[in-house]
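Engineer: In case you want the letters, here they are:
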Amino acid sequence: MIEKALKGNSNYWMWLAFLTAFIAVGAICYLRQFFLGMYLTGMGRDLSWGLYISQFTFLVGVAAGGLMLVLPYYVHNYKVFGRITILGEFLAIGALVMCLMFIMADIGQPLRGLNMILHPTPNSMLFWDMCVLLGYLGLNVICGWVILTAERKQVKPPKWVYIFVYISIPFAVSIHTVTAMLYCGLPGRHFWLSAITAPRFLASAFAAGPALIVIACLIMKRVAHFDAGKEAINKLTTIIMYAALINAFFVCMEFFVGYYSNIPGHMHSLQYLFFGLEHNGHVYNNLVPFMWSSVLLCFGGLGLFAYMKIANVYSDLMVGVGCAAVFIALWLDKGLGFVMGGLVVNPLEEIVEYYPTANEIGITLGIWATGFLLVTVLYKIAVGVEHEVEA
Amino acid sequence: MDKQRRKFLKIAGVTALAGLSAPAVIKLTSSPALASSETPGEAAGHAAPAEAHGAEGHGAEQAAHTGVRLGMLIDMRKLYGRPDLMDKATAACHKVHNVPHIENKKNEIKWLWHAPFENVFPEHSSYHESKVTAENDFMVLCNHCDEPPCVRVCPTKATFRDEKTGIVAMDFHRCIGCRFCMMGCPYGARSFNWMDPRPYIKEYNADFPTRMRGVVEKCNFCGERLALGQEPACVEAVKEVGAFVFGDLNDPNSEIRQRLDQDHTIQRKPSLGTKPSVFYIV
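Chains as they are written, first to last, in our numbering: chain A, 51 to 441; chain B, -16 to 265.
Isolated chain B (complex conformation):
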């Protein structure tokens, strides 16, 4: 009797163990794990911008092959002496994305903001900087890196690089709030919701989800607006001076590529091998 019980317990234990580990094994062995785990809504959201940018309205399938890599060129020359324009871009971005306005620097959330040269480009010398460099702020946002460290470190694939657009996106519903991505990001682009953000949203935009506390968020290159054929909010906000150029870095005929061919540009911390998709003319 006792022996049988022991045998039963052994078998039961092994079975339970196998059962528990099975999902992990299956997940690990199924190759398109990322694609399969996306909800239909998200998948559609990501496919759409690819369509919008694959010049002749290619399907998502072809866009993936041609490898769209969305990027941004910030022509700072057009923003010098115009902090109002930078604030306008920030305001547009934060309004569209329901970014809460939290005064306390410790708890603040920001997707797009501006800071002095020495902070934005600490790897570049700011010793004897020019008057223009010293007196102006520079725009800061997520670099949507081609080799994003945040994606590498995320333990749940809550942040991922969308292969169809090159956008580094977030799944707010999967994020467990470990903030490892904030450690991995060498650009300080990510914010964590230390408090419930909803009471701090000034003007609620019903077209974009609000977040709950305990998750990380950042610039998403306006993936949701691209899906509707619109430009990113910041690009649109300062259209009057054309400070932001947005487009496919892999398409030699795109406006951004032509502008990149024209002028010398710099990137933030290029030595780290993250391959940022945001370029600056300073």
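Okay, chain A solo, but in the shape it has when bound:
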């Protein structure tokens, strides 16, 4: 089936070339980091996790978001998602590959990475995260490929693959739960030490993942004659709305707990993220514009969807804008604010702000481009098979 990715029009190749340029820059930046050291990043003694880990966290969510297609289709037999379920699985593959690349970019001794397996440590959440991420990656590769192969041959998928499909459902939940557990079990990190972290991660994941899939569907409708169907898109926007609302609700609860209890540690990060944190006469507020953009985009997107549902109008453009707004909002919230907000006050209650360096951003963009390239190729294959079957 891979040959389907090797045939495309000039736009397809232009897009791949565009992504490859970013990958090349990212690769050079990574080589610099590999040979010179991680001082090339903006991370430091006080802020020792940064852009890499926050992207990782966000992308685990994108990977888990595919669940919102798999679950209705396979468990509730919701046939409308039949054409796009494969997109959820392939998106998960791309997102997980990005996750693993971000982890490798983040660790100081990448060549020792196998120590995770050679010295397995069940009390470390990172060990379990590795297990569930690799497991979920494997499950999606198996399910996606087998089901697509069956579709191409126009036969029913073999029965055994459904075992993996059903296992992948709790796995999708587990990847993001365990990723949240990396954060929410650490003493002394007040912003993260919240039982609502994992549910909040899941809620934002179930909005961000489908939002990206909808955007991909709209693009493919224009460039690849692949129509997911209006009903499927509409249903997805409903799912995105609910998930994003639940996420917003959880954020509000964090605000309530922090501000009503009036415990400084529980307010610091929220204050830093949304209003600016005053310390020794200096106000630290780097992320304030980002967080308020996140709020505006999230409610803007939700408002747009609500208008579409109430006025009963539909346009691809509105759906696309709404999904992009929600996706960017959630990226700002989880891909920036969560990690950096949680770390801005160090254990000695000094305030250190984070400025990613150009080299670090180069690597980050390179990894995102790699993921997009992988997803493009996988989607090209999936769409190619659909066209072949239809023809």
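Worth flagging that the hints you see were computed from the coordinates, not collected in a lab. What you are looking at is a predicted structure, and each value in this text was computed from that prediction instead of being measured. Please note that a few of the clues may not be correct.
Derived SDA-like pairs (lysine to any residue); straight-line CA-CA distance at most 25 angstroms [unchecked claim]: (1) B:89 to A:329; (2) B:78 to B:222; (3) B:252 to A:317.
Go by the hints and put chain B onto chain A.
Structural biologist: Showing chain B alone in chain A's frame:
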């Protein structure tokens, strides 16, 4: 033919999978995983301080049963107005352990340093603090917790609590540099080698390893000096005022226990349940 090939591939796949997962399974099921994975050199290094402190030179075996838990008492009263002494202790520590001197605050490495009260004890009120508290810095180092969160989160057991001494130690050769321990530590005791530390070592001490970049390091309670029957470097450096008292917290006859019985002491962030082994008289 095709069927046979398929069968072969299936069997080969299952076998490969089993082979790959076998080491993990074996590791997980063998109980003394930690002890067995230590190199002989390290094991000896850890056993020795236990001997040095198990009063009558008990073997390592007995020391483990009696449960030595090394701790430190910092009598800040003896350091008030003497930042020079605190710097001396830091300098001694950093020299003995080849800690690089990196000016840039972002990349710096520190094992033992001093900071204002409000930073060292953020859980204690510094509202209307006394003149002495406001004007003096307080020593900061790894607490060698009895329930260390850094050990709990480390994915490779590169940092571990030595059962024979209670020291929370590091295996620099196993650390993958994920910095999860730095996230887990609520005391900010750990530093990561963002750059190659070796050019920044002022005076090289051949008796202690230097580190490479990409690994985490911190105070080790001078485990290597204890093994030779010496005191920790910081204790020795300010011996003239006796600001640091070092010993076995589980031994009721040890000096540190007698001092703890005498004076009221405080600990850093006791509410987190980490059970620090470093005590302060302020």
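Engineer: With reference to the structure, classify each hint as holding or not holding.
Structural biologist: Here is how each hint holds up against the structure:
1. B:89 to A:329: 19 angstroms, holds
2. B:78 to B:222: Holds. Residue 78 (chain B) to residue 222 (chain B) sits at ~17 angstroms (cutoff 25 angstroms).
3. B:252 to A:317: 18 angstroms, holds
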